[in-house]
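Enquirer: Next come the chains, spelled out residue by residue.
Protein chains: 4
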Amino acid sequence: MNFKEIIEGVYREVKDIDDRGKLASYIPELAQVNPKRFGIHLSTVDNYQFGVGHYTERFSIQSISKVLALTLAYKIKNQRIWKRVGIEPSGTSFNSLVQLEADKGIPRNPFINAGAMVIADILITHLKNPKKDFIAFVRSLSNNPSIDYSETVAASEKSVGYRNVALCNFIKSFGNIENHPQVVLDFYFDLCSIEMNCQELSETFLFLAHDGKTLSGTPVLTNHQTKRINALMQTCGFYDESGEFAFKVGLPGKSGVGGGIIAINPDRYTIAVWSPRLNAKGNSYKGVRVLEKFTKKTESSIF
Amino acid sequence: MNFKEIIEGVYREVKDIDDRGKLASYIPELAQVNPKRFGIHLSTVDNYQFGVGHYTERFSIQSISKVLALTLAYKIKNQRIWKRVGIEPSGTSFNSLVQLEADKGIPRNPFINAGAMVIADILITHLKNPKKDFIAFVRSLSNNPSIDYSETVAASEKSVGYRNVALCNFIKSFGNIENHPQVVLDFYFDLCSIEMNCQELSETFLFLAHDGKTLSGTPVLTNHQTKRINALMQTCGFYDESGEFAFKVGLPGKSGVGGGIIAINPDRYTIAVWSPRLNAKGNSYKGVRVLEKFTKKTESSIF
Amino acid sequence: MNFKEIIEGVYREVKDIDDRGKLASYIPELAQVNPKRFGIHLSTVDNYQFGVGHYTERFSIQSISKVLALTLAYKIKNQRIWKRVGIEPSGTSFNSLVQLEADKGIPRNPFINAGAMVIADILITHLKNPKKDFIAFVRSLSNNPSIDYSETVAASEKSVGYRNVALCNFIKSFGNIENHPQVVLDFYFDLCSIEMNCQELSETFLFLAHDGKTLSGTPVLTNHQTKRINALMQTCGFYDESGEFAFKVGLPGKSGVGGGIIAINPDRYTIAVWSPRLNAKGNSYKGVRVLEKFTKKTESSIF
Amino acid sequence: MNFKEIIEGVYREVKDIDDRGKLASYIPELAQVNPKRFGIHLSTVDNYQFGVGHYTERFSIQSISKVLALTLAYKIKNQRIWKRVGIEPSGTSFNSLVQLEADKGIPRNPFINAGAMVIADILITHLKNPKKDFIAFVRSLSNNPSIDYSETVAASEKSVGYRNVALCNFIKSFGNIENHPQVVLDFYFDLCSIEMNCQELSETFLFLAHDGKTLSGTPVLTNHQTKRINALMQTCGFYDESGEFAFKVGLPGKSGVGGGIIAINPDRYTIAVWSPRLNAKGNSYKGVRVLEKFTKKTESSIF
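Residue numbers (numbering that gives the first Met the number 0), protein chains in the order written: chain A, 0 to 302; chain B, 0 to 302; chain C, 0 to 302; chain D, 0 to 302.
Derived by calculation from the structure, the hints in this document are not laboratory data.
Don't take every hint at face value.
Copies of one chain are not kept apart here, so a pair can be met inside one copy or by any two copies together.
Stated by the list, open to error - Computed list of lysine to any residue pairs in SDA-like fashion (alpha-carbon distance at most 20 Å, straight line): (1) 157 to 182; (2) 212 to 136; (3) 103 to 240; (4) 247 to 78; (5) 21 to 33; (6) 295 to 266; (7) 157 to 178.
Hey, can you work out the whole structure from these sequences and the hints?
Expert: Have a look at this one:
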């Protein structure tokens, strides 16, 4: 059985399950997305591509962009970034603030909001024009100049992001934010507002399955750095559900509250899924199911 | 370059580094181990074996046995064990008790002490003679009838294990321990007292690199269950350093405060290291260094 | 209006309110008490005494005895006890274990369980026959040789007190318990099992309203020590409801899960109330109401 | 011995002790105060006044103004404010954020920063011109039209108050702040910047020793409300040291990081002390010593 048949099979199996997930309601703009949207797209390092469902419709990739921000910061500063952000899972979200206090303002990893803010702060310090330079980097990864921020979504988040304002000022109070919190927050909300479709997402992340090089051969990260980002996604990519994702799916990956998930099988493929309803842990309900079935049928868990 | 040369090279490189680790001092018996002991042993699914240093000298495997206890419980009860213990990383050790309170007595995963006590409780309930039946199971995995508990080490831990007594009674107060806490604690301390050498350790764990079957073909777990235990070791096997181990080494594994580490490369090999001095996170200082160098040189990180 | 009329009035007003409290159910023996019991007794430093309702029926004073244990330890060791137990409110019960961890085994105050265990440990170290000597002390305070422990209640608590076993062993792990945890726990459960009626309770505590002397003039504590114990009851006497009790009642006091409350008005009187149903914070529902009305009508809040 | 002699005696005893306290360094403007300043002033309900040292020199009253803000909010909204802020001690400062999370944005009491922000928010909603109306209220209490905010100190705090920005946005994220966080923070920093000298401070707070009426007879609060504010100061007025202050001094009171302390003896007097160096808990080192000695010598602890 090949990838195409397996993906079509999984798509059919999951399409009509009773989706017990809920739309991310705290961001006004995301609450309006059609909850029935459902797409899958696979890209292999052998240049095979296949998609089903709404795989060409763009959605807000949200936290998935944290991997891209980390990639650029890692490329620029290499190991020095780990003085300002950790590489350990964060336990329950419940602890985030008390952990930040116990850890004196050093976020546990770059994929929780606090850590992504520190990464955003690093990028602001090192990029000439952070917003412009970052999207240029993302476009170069995907070889797709039409990828862009959504001003509407960014504005929507800024209007209600009190908890993120709290977080960023809290880190600043420990001295682990260099720029003004408002500047960091604006860039952070921009990062989260990037929109892609499943095909673009799986293409953009292909360098992580390809030893750090884009399909056209452009080096993004070293082989070594690439493995480390994959390891980080494995242990920290799904909030409180990272362990469960490793357990059930067995691939490094990252999810966003827009309902997207990207997963990487090193040296083989990337797979992107989109379905907006989220489970209790904030990850796409159908998305997790798709990937669980997919790695089981393809026997491609890395474990 | 083959495994033998790489292991010999890594052994030489790490042997004389300035070992900044410290012996586990809170268990009287472990504090007396010769801190200079250092051994490595590799076993492959192709039946290749190679060891250097003190790889035939036995040591206390301590928490490493939590994987074996989990294996037996998983074999007996399958998915039902996950109602009583989670599969998520625990964040900092600092939180363990408050997390247990927040999670109403359900430990975060089976590799923290609290989780291993729940697994011990499950085994007590389901085994006729827990202590005898468990060691028989371990012996069958390793095909080695001489593996045994150390009564001295178990007694040494029992004499000072106030924090573990606290933990077990705390879980009992939530109703997630069925047997009397004293019975559970006695069995738990026995489990931790098992002794093996590096060769025995890498042989015992080979089933996890071999789709759940021992080298002689005896099924222990299903392929599916095996992948899940590996995933769990990846995300939770090294206390607060699980993220760092995934990041630097890139293999599922488990450490013990006796200074042992076992790591698994699915479908390829297991590798055991022993060096008693521990880093600040409680994992063998030299052991982590050895595995970091080994996966780098063999390019065998799973990521 | 005199005390008698006010107490009779308050008794009538509160007697038939809708008592939304619940019996302490976690101690089997206490769950069997008749929930309709309701008594009040006042003793003044001028030797006036008045009681209504079931004020001559004994009940389990439970945590109220922590004040008596502290009194004896304070008498024996004076200020040195504050090296082993704090004098600050504990915030929510929710934090108790994490606070104990943050504070390295020094309980926040002598009225939370952890603190009372440390006090029990001090008494065990300094008394020849702790159980016998302590009850002798209590009898001398009350001038009543019939006051005693309840073996049944103590046994009932011992059979289910897993959380207290956890607590005591946790403190021991920090080195702040000198004796064996089991010995400390046995004495602790004995202390909590003492039985008195409202009249005996108000008489026993009269020394705290009388500059540290019993009514017959026997010195128990210095004037200075007495004020300090009163201050401690004010800030820490009612678990998470200490602030609310100070706010509504305005007297130092102590409650127990048996439904008893003792309150002290320095230089004037003590008043004991008993009604077994407890509010959500573990304090007698009717008892708090009685004292709120009583201090309002007598205008005898100390604030 | 009368008040004058006792105050002079205490002043001499404490003046030259080895002051191990430290200036509040995190607010630039406060770090510049002369650390040798030391003043005491007493006002009685019988209209007796006496001061020593720098009792006529103004200083930043900081958190002491939280009592005045609470007074005005309590006067306007009466019991309804307790839906939005608690009346319990907060345990260690260490917990503040996690407690706020556990309590869903309801601060533990109105004297921790979080609680004072909610009070500030209430005042903003109910006052026509909050800044102007509040200082008018304070002037009316003290009968002193020259009392004012310090724009310099307020600006100094605003420039570094990241942690307070974090706190206010965090509460807002729970919905317990009605106005824009920036507006609340500006008013909050203004409140903290009020300056008084010891004499003005003891006069301003005299209504709390006088059944809620100013010395000239103007009603501020009811007798009942007054007792409650005193009770609240007793249990929550000194951060983590509230228990110790009750224990050693035995009076309700409130401190500020400017080095001021006000203490109230209901129906008798108020006493203000100022000495800028703070102990480890953030309360005036000499101030606490003065009050401890004063209540001991006057035997006027309320306990």
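Enquirer: Against each hint, give a clear statement of whether it holds in the structure.
Expert: How the hints compare with the structure:
For the identical chains of this complex, residue 157 and residue 182 are neighbours both inside a copy (12 Å) and across copies (17 Å), given an alpha-carbon limit of 20 Å. Taking CA atoms no more than 20 Å apart as the test, residue 212 paired with residue 136 passes inside one copy only; the shortest distance there is 14 Å, against 46 Å between copies. In the homo-oligomer, the alpha carbons of residue 103 and residue 240 lie at most 20 Å apart only across protomers (18 Å), although the nearest pairing inside one protomer, at 25 Å, exceeds that limit. Taking the shortest Cα distances, residue 247 and residue 78 sit within 20 Å of each other only across copies (12 Å), while inside one copy they are farther apart (31 Å).
Taking the shortest Cα distances, residue 21 and residue 33 sit within 20 Å of each other inside one copy (12 Å), while across copies they are farther apart (48 Å). Taking the shortest Cα distances, residue 295 and residue 266 sit within 20 Å of each other both inside one copy (18 Å) and across copies (16 Å). Taking the closest pair of Cα atoms, residue 157 and residue 178 come within 20 Å of each other both inside a single copy (18 Å) and across two copies (16 Å).
Going down the numbered hints, you'll see the structure goes against none, and every one checks out.
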